[in-house]
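Undergrad: Read off the chains here:
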Amino acid sequence: MGDIKSDDKKLEIAQEETVKTNSIEQVRYVCSLGAMHSASAIPGVIPITHCGPGCADKQYMNLAFYNGFQGGGYGGGSVVPSTNSSEKEVIFGGAERLTELIESTVKILDADLFVVVTGCISDLVGDDVESVVSDFQKQGVPIVVAETGGFRGNNFTGHELITKAIIDQYVGEYDGLKEKGTVNVWSLLPYHNTFWRGDLTEIKRILQGIGLKVNILFGHESEGVSEWKNIPKAQFNLVLSPWLGLQTAEHLKNKYDQPYLHVPIIPIGGMETSAFLRNVVDFAGLDVDKAEAFIQAEEKIYYNYLGDFSDFYAEYWWGLPAKFAIIGDSAYNIALTKFLVNQLGLVPGKQIVTENPPEQYRDAIRKLYQNVAQDVSTEVEFEEDSYTIHEKIRNTDYGHKPPIIFGTTWERDLAKELKTAIVEVGFPASYEVVISRAYIGYRGALTLLEKIYTTTVSASA
Amino acid sequence: MKINLDTPVVENREQRLGTIIAWDNGSATNLLKESSTICSGCGANNGERLCETKGTFTQGSVCSEMMVECQAGNIRDAVLIQHSPIGCGAGQVIYNSIYRNGLAMRKLPVQNIRMISTNLQESDMVFGGIAKLEQSIRDAWDRHKPNAIFIGTSCATGIIGDDVDSAAAKLEEELKIPVIPLHCEGFKSKHWSTGFDAVQHGLLRQIVRKNPKKQKDLVNVINLWGTDVFTPMLAELGLRVNFVVDMATVDELAQMSEAAATIGFCHTLSSYLAAGLEQEFGVPEIKSPQPYGFDGTDAWLRELARVTHTEEKAEVYIAKEHARVAPRLAELKKLLKGKKGYVATGSSYAHGLISVLRELGVEVNGSIVFHHDPIYDSQDPFSDTPDASKNSLGFMVNNSGDVPNFSVSNRQQYQFYGLLKRVNPDFILVRHNGLAPLASRMGIPAAPLGDEHHALGYQGILNLGETILDILAHKKFHIDIAAHTKLPYKQWWLDQKDPFVLAKEKI
Numbered sequence: 001m002g003d004i005k006s007d008d009k010k011l012e013i014a015q016e017e018t019v020k021t022n023s024i025e026q027v028r029y030v031c032s033l034g035a036m037h038s039a040s041a042i043p044g045v046i047p048i049t050h051c052g053p054g055c056a057d058k059q060y061m062n063l064a065f066y067n068g069f070q071g072g073g074y075g076g077g078s079v080v081p082s083t084n085s086s087e088k089e090v091i092f093g094g095a096e097r098l099t100e101l102i103e104s105t106v107k108i109l110d111a112d113l114f115v116v117v118t119g120c121i122s123d124l125v126g127d128d129v130e131s132v133v134s135d136f137q138k139q140g141v142p143i144v145v146a147e148t149g150g151f152r153g154n155n156f157t158g159h160e161l162i163t164k165a166i167i168d169q170y171v172g173e174y175d176g177l178k179e180k181g182t183v184n185v186w187s188l189l190p191y192h193n194t195f196w197r198g199d200l201t202e203i204k205r206i207l208q209g210i211g212l213k214v215n216i217l218f219g220h221e222s223e224g225v226s227e228w229k230n231i232p233k234a235q236f237n238l239v240l241s242p243w244l245g246l247q248t249a250e251h252l253k254n255k256y257d258q259p260y261l262h263v264p265i266i267p268i269g270g271m272e273t274s275a276f277l278r279n280v281v282d283f284a285g286l287d288v289d290k291a292e293a294f295i296q297a298e299e300k301i302y303y304n305y306l307g308d309f310s311d312f313y314a315e316y317w318w319g320l321p322a323k324f325a326i327i328g329d330s331a332y333n334i335a336l337t338k339f340l341v342n343q344l345g346l347v348p349g350k351q352i353v354t355e356n357p358p359e360q361y362r363d364a365i366r367k368l369y370q371n372v373a374q375d376v377s378t379e380v381e382f383e384e385d386s387y388t389i390h391e392k393i394r395n396t397d398y399g400h401k402p403p404i405i406f407g408t409t410w411e412r413d414l415a416k417e418l419k420t421a422i423v424e425v426g427f428p429a430s431y432e433v434v435i436s437r438a439y440i441g442y443r444g445a446l447t448l449l450e451k452i453y454t455t456t457v458s459a460s461a
Numbered sequence: 001m002k003i004n005l006d007t008p009v010v011e012n013r014e015q016r017l018g019t020i021i022a023w024d025n026g027s028a029t030n031l032l033k034e035s036s037t038i039c040s041g042c043g044a045n046n047g048e049r050l051c052e053t054k055g056t057f058t059q060g061s062v063c064s065e066m067m068v069e070c071q072a073g074n075i076r077d078a079v080l081i082q083h084s085p086i087g088c089g090a091g092q093v094i095y096n097s098i099y100r101n102g103l104a105m106r107k108l109p110v111q112n113i114r115m116i117s118t119n120l121q122e123s124d125m126v127f128g129g130i131a132k133l134e135q136s137i138r139d140a141w142d143r144h145k146p147n148a149i150f151i152g153t154s155c156a157t158g159i160i161g162d163d164v165d166s167a168a169a170k171l172e173e174e175l176k177i178p179v180i181p182l183h184c185e186g187f188k189s190k191h192w193s194t195g196f197d198a199v200q201h202g203l204l205r206q207i208v209r210k211n212p213k214k215q216k217d218l219v220n221v222i223n224l225w226g227t228d229v230f231t232p233m234l235a236e237l238g239l240r241v242n243f244v245v246d247m248a249t250v251d252e253l254a255q256m257s258e259a260a261a262t263i264g265f266c267h268t269l270s271s272y273l274a275a276g277l278e279q280e281f282g283v284p285e286i287k288s289p290q291p292y293g294f295d296g297t298d299a300w301l302r303e304l305a306r307v308t309h310t311e312e313k314a315e316v317y318i319a320k321e322h323a324r325v326a327p328r329l330a331e332l333k334k335l336l337k338g339k340k341g342y343v344a345t346g347s348s349y350a351h352g353l354i355s356v357l358r359e360l361g362v363e364v365n366g367s368i369v370f371h372h373d374p375i376y377d378s379q380d381p382f383s384d385t386p387d388a389s390k391n392s393l394g395f396m397v398n399n400s401g402d403v404p405n406f407s408v409s410n411r412q413q414y415q416f417y418g419l420l421k422r423v424n425p426d427f428i429l430v431r432h433n434g435l436a437p438l439a440s441r442m443g444i445p446a447a448p449l450g451d452e453h454h455a456l457g458y459q460g461i462l463n464l465g466e467t468i469l470d471i472l473a474h475k476k477f478h479i480d481i482a483a484h485t486k487l488p489y490k491q492w493w494l495d496q497k498d499p500f501v502l503a504k505e506k507i
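Note that the protein sequences, when read in sequence, are chains A and B. For the first sequence, position 205 matches number 205 in the numbering used here, and the numbering has no gaps at all. For the second sequence, position 110 matches number 110 in the numbering used here, and the numbering has no gaps at all.
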């Protein structure tokens with residue numbers, strides 16, 4: 001506990017230097033409308049945006065392009081229909097314009113489901129979008145609506161609005177039997193997390209490995225709307241994130257009488273992944289022997305490779321990072337902290353969570369850091385403004401050498417200033433090209449090690 | 001029409017220039033002809049100017065506020081406040097990346113952009129956001145001690161009616177630096193280029209020095225982040241370059257009124273600022289064809305030389321450059337023989353690029369421009385009409401020939417499919433995102449011209465030729481991806497012969 005106290009002192013000093021205001025410099029999340037990406041992340045689903053002329057492009061270019069250059073997929077990017085609202089819609093309302101856009105969209109675009117999302121203009125003017133969309137629903141058009149005006153919240157809260165809209169307006173009522181051994185997974189925020197495609201693939205793979213049928217719901221491994229239609233039949237929901245998805249899981253519990261398992265730490269590496277899988281096996285009442293066989297096989301592969309890596313880790317001549325600082329969303333932040341501390345034996349330097357988690361979840365998140373290992377307890381701070389974040393990172397005493405930074409493009413110059421390495425692991429990652437890379441589970445952990453130590457070694461000469 | 005600097009709000013392009021964002025009525029010659037006539041009765045643009053096609057289906061466009069970010073947000077010693085909910089702040093990501101890469105290309109110190117969102121919430125929509133705006137301006141000052149603070153408005157603040165002008169005036173007095181409101185609500189103009197004008201309007205009103213000491217060898221170059229091809233070129237004429245607006249300092253922007261002339265790479269971008277500098281401070285705008293291809297570059301250099309009294313040096317340079325590029329140009333022409341190119345960029349930039357392609361012997365029988373300005377802001381010195389010497393569409397048609405399939409489409413991907421099918425090009429030249437990915441899925445490679453100076457001047461002819469050869473080689477990738485991709489459009493739409501059919505039928 002002695003360590004924590006001295007950390008507390010530092011914290012107080014830092015807070016005196018920078019007073020928290022409304023300002024956000026160098027954004028780390030976008031607005032609710034950005035969650036239109038949660039729609040286009042479902043195979044065969046296309047968002048329809050009812051907003052100003054720049055909103056759709058703005059969310060796409062920043063969340064999906066200059067963040068790992070992920071691409072818009074089938075129905076995202078520049079495919080997305082938009083009312084491109086003008087002065088006319090501001091003065092006279094935009095319901096008519098939305099109606100004609102939906103009519104023509106249905107003629108032109110080939111989608112299994114359309115998700116109407118709104119921007120500031122519609123929400124301020126007070127367009128009755130629900131009534132517009134319900135007219136189309138009555139005609140049998142697969143379409144739902146969520147009001148996601150930018151001032152209502154960020155793309156994390158927008159994600160849950162869109163998820164709920166699809167469940168309530170498209171999936172609908174169900175009181176039939178449940179399928180034992182089927183799970184719905186609610187985890188990383190699509191597109192915002194730069195590595196979501198690869199990570200969701202790994203999550204699905206390991207859950208299938210222990211005997212589950214997995215509705216992964218987003219990304220290339222999802223079967224699209226047919227999978228969403230099967231949500232009510234699942235035995236349970238798995239919320240694999242510190243807080244995102246909890247609202248959805250609560251809703252599903254009430255709506256379909258479906259229990260959920262909340263695992264706040266996304267597993268990275270052999271230890272954490274095996275423990276996670278055993279936790280799921282226990283909760284779902286799966287065949288333990290079958291699951292253990294999978295875990296053993298995966299661990300064998302993982303530790304073979306880790307053994308190969310250990311030669312380097314044990315005797316690389318020129319020094320390796322000892323401390324780390326993480327600036328990013330709570331999901332990756334705690335997951336990486338856990339892995340770096342327990343698998344590599346690195347020492348936490350500074351952890352800053354940046355996605356503005358709702359107040360009610362913050363204590364639970366703080367506790368995760370306090371119990372990161374049996375002998376390691378650390379603190380976490382919540383901050384969204386990068387100027388303040390960078391001041392905090394600068395004003396921390398890391399001892400004899402600077403920490404390796406796990407952050408975003410915003411920290412590139414800071415890393416140079418502190419004469420240390422940076423691994424871009426979150427939004428925005430404008431200097432990473434990401435296709436199918438995963439950083440979690442058994443396989444992702446090895447890729448992550450490659451990334452960390454290639455970064456370190458390649459800076460040597 | 002004269003530029004009016006008395007009001008803080010810039011007049012949008014549709015009002016000033018009769019700008020349209022959709023048109024599909026044949027060739028470039030037709031567009032040129034229609035641009036000079038009065039509307040025949042559809043009522044578009046108040047019945048005063050060129051008719052515009054209007055349809056019900058539209059895909060996401062780009063807004064004025066984004067153009068404010070990419071200009072006012074990229075001034076090295078200023079801060080841009082985005083007075084908006086957090087979503088508008090998303091743009092900080094793209095313009096940071098472009099800014100950093102631009103700084104590196106120009107060999108300037110690389111730094112992150114300095115843009116601050118006021119991060120307005122639901123309660124601010126009810127009670128107003130002015131207190132937060134003032135706080136963010138003070139934060140900008142405390143953090144960075146900038147030499148100017150710009151404020152970009154948003155759709156939300158425009159609708160709730162925040163009095164940004166008064167807040168700016170108050171803080172300007174308090175901080176003793178220019179605090180400049182830029183009115184750029186996305187819904188107020190159908191074309192994003194109004195955002196360029198909003199920034200330039202603010203610069204003319206509050207940054208540019210009112211009592212200039214003339215620097216007779218200084219030339220304003222209105223550009224974006226492109227490589228510095230101008231310094232060596234203008235040095236041949238004994239002139240110095242003042243790059244504006246991106247990556248300039250506030251002082252470099254202030255001295256615009258002291259320059260001997262103003263030039264640019266694209267009339268769309270430079271129209272307002274160049275005309276304003278001439279009208280208010282007597283800095284002559286070089287009114288000539290744009291510097292693309294031999295004819296355009298010759299004419300442009302000669303006009304610059306005439307205005308700056310450097311004719312002899314210019315003639316030496318022109319002759320030297322013609323001779324220098326000729327041998328490689330001859331080789332490139334052989335290599336590109338029989339190739340068909342398609343241009344999809346902003347308006348006047350496209351006119352320039354088409355001329356360059358034709359110098360390279362590439363056939364151009366199709367093009368789209370994202371908007372069309374029938375006129376630019378500058379006035380003919382001898383009459384009260386728009387200046388004809390800047391008519392880039394006219395210059396293209398008259399010097400390099402007609403383009404039979406010429407359309408205006410505001411970066412609408414669904415129309416681009418049919419437009420490409422009309423002419424089946426071997427490659428496309430493109431600026432702005434969203435169209436090249438579709439072309440790729442159709443097996444057509446694109447040269448995305450991020451460096452806007454790439455095709456400029458004599459060397460630009462060669463540059464573009466080399467780039468086209470490079471991207472033609474990429475075709476293998478695109479053909480493979482096309483064979484393995486399903487487009488999100490219905491077969492009915494893909495079979496449509498007329499990409500503007502929805503605009504013509506009444507739903």
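Worth double-checking, as some hints may not be accurate.
Quick list of the computed label-pair ranges, beta carbon to beta carbon [said to hold, decoys possible]:
1) A/H220 with B/R302: 52 to 62 Å
2) A/A293 with B/R106: 29 to 39 Å
3) A/H220 with B/K340: 49 to 59 Å
4) A/E100 with B/G26: 24 to 34 Å
5) B/H474 with A/D289: 47 to 57 Å
6) B/E236 with A/F309: 55 to 65 Å
7) A/G399 with B/K176: 34 to 44 Å
8) A/Y313 with B/K176: 51 to 61 Å
9) A/E130 with B/K33: 45 to 55 Å
10) B/V501 with A/A364: 54 to 64 Å
11) B/K145 with A/E103: 51 to 61 Å
12) A/A373 with B/D470: 44 to 54 Å
13) A/R366 with B/A483: 51 to 61 Å
14) A/D413 with B/D480: 33 to 43 Å
Here are the simulated SDA-like pairs of lysine to any residue, each with C-alpha atoms no more than 20 Å apart in a straight line [unchecked claim]:
15) A/K20 with B/I159
16) A/K178 with A/V125
17) B/K107 with A/R412
Computed far set for chain A versus chain B, every beta-carbon distance over 10 Å [what the hints assert, rightly or not]:
18) T49
19) K58
20) N279
21) V341
22) Y431
Simulated from the structure, these hints should not be mistaken for laboratory data. Please read these numbers as outputs of a predicted model, since none were measured by experiment. Yeah, the Cβ is synthetic: ideal placement off N, Cα and C, and Gly gets one too.
Undergrad: State for each hint whether it applies.
TA: Comparing the hints with the structure gives:
Checking the proposed 52 to 62 Å range against A/H220 and B/R302 shows it holds: the Cβ atoms sit about 57 Å from each other. In this structure the supplied range 29 to 39 Å is violated for A/A293 paired with B/R106, their Cβ-Cβ distance being about 60 Å. Separation of A/H220 from B/K340 is about 35 Å and departs from the stated range, judged on CB atoms against 49 to 59 Å. Taking the beta carbon of each, A/E100 and B/G26 are about 27 Å apart, inside 24 to 34 Å as hinted.
Judged by the Cβ atoms, the range 47 to 57 Å given for B/H474 and A/D289 holds: they are separated by roughly 52 Å. A hinted range of 55 to 65 Å holds for the C-beta pair B/E236 and A/F309, which are about 58 Å apart. Judged by the Cβ atoms, the range 34 to 44 Å given for A/G399 and B/K176 holds: they are separated by roughly 43 Å. At roughly 56 Å, the beta carbons of A/Y313 and B/K176 sit within the given window of 51 to 61 Å.
Between A/E130 and B/K33 the Cβ separation comes to about 48 Å, which falls inside the hinted range of 45 to 55 Å. A beta carbon spacing of about 56 Å between B/V501 and A/A364 agrees with the range 54 to 64 Å that was offered as a hint. Remark: the range hint 51 to 61 Å for B/K145 to A/E103 is upheld by a beta-carbon distance near 54 Å. Here the CB-CB span from A/A373 to B/D470 is close to 52 Å, well matched to the stated 44 to 54 Å.
A beta carbon spacing of about 52 Å between A/R366 and B/A483 agrees with the range 51 to 61 Å that was offered as a hint. The hinted window of 33 to 43 Å between A/D413 and B/D480 holds, with their beta carbons roughly 39 Å apart. Between A/K20 and B/I159 the CA atoms are separated by roughly 27 Å; this puts the pair beyond 20 Å, and the hint is violated. Among the hinted pairs, A/K178 with A/V125 is inconsistent with the structure: their alpha-carbon atoms are about 43 Å apart, more than 20 Å.
Between B/K107 and A/R412, the direct Cα distance comes to roughly 18 Å. Compliance with the 20 Å bound is thereby established for this hinted pair. With a closest Cβ-Cβ approach of about 6 Å to chain B, A/T49 is found to fall inside the 10 Å limit, against its non-interface label. For A/K58, the requirement that its beta carbon stay farther than 10 Å from each beta carbon of chain B is not met, with the minimum near 5 Å. Consistency note on A/N279: stated as away from chain B, and its beta-carbon is indeed over 10 Å from all of that chain's, at 35 Å minimum.
With a closest Cβ-Cβ approach of about 30 Å to chain B, A/V341 is found to remain outside the 10 Å limit, as its non-interface label requires. For A/Y431, the shortest C-beta to C-beta distance to chain B comes to about 8 Å, within the 10 Å cut-off, and the non-interface label is violated.
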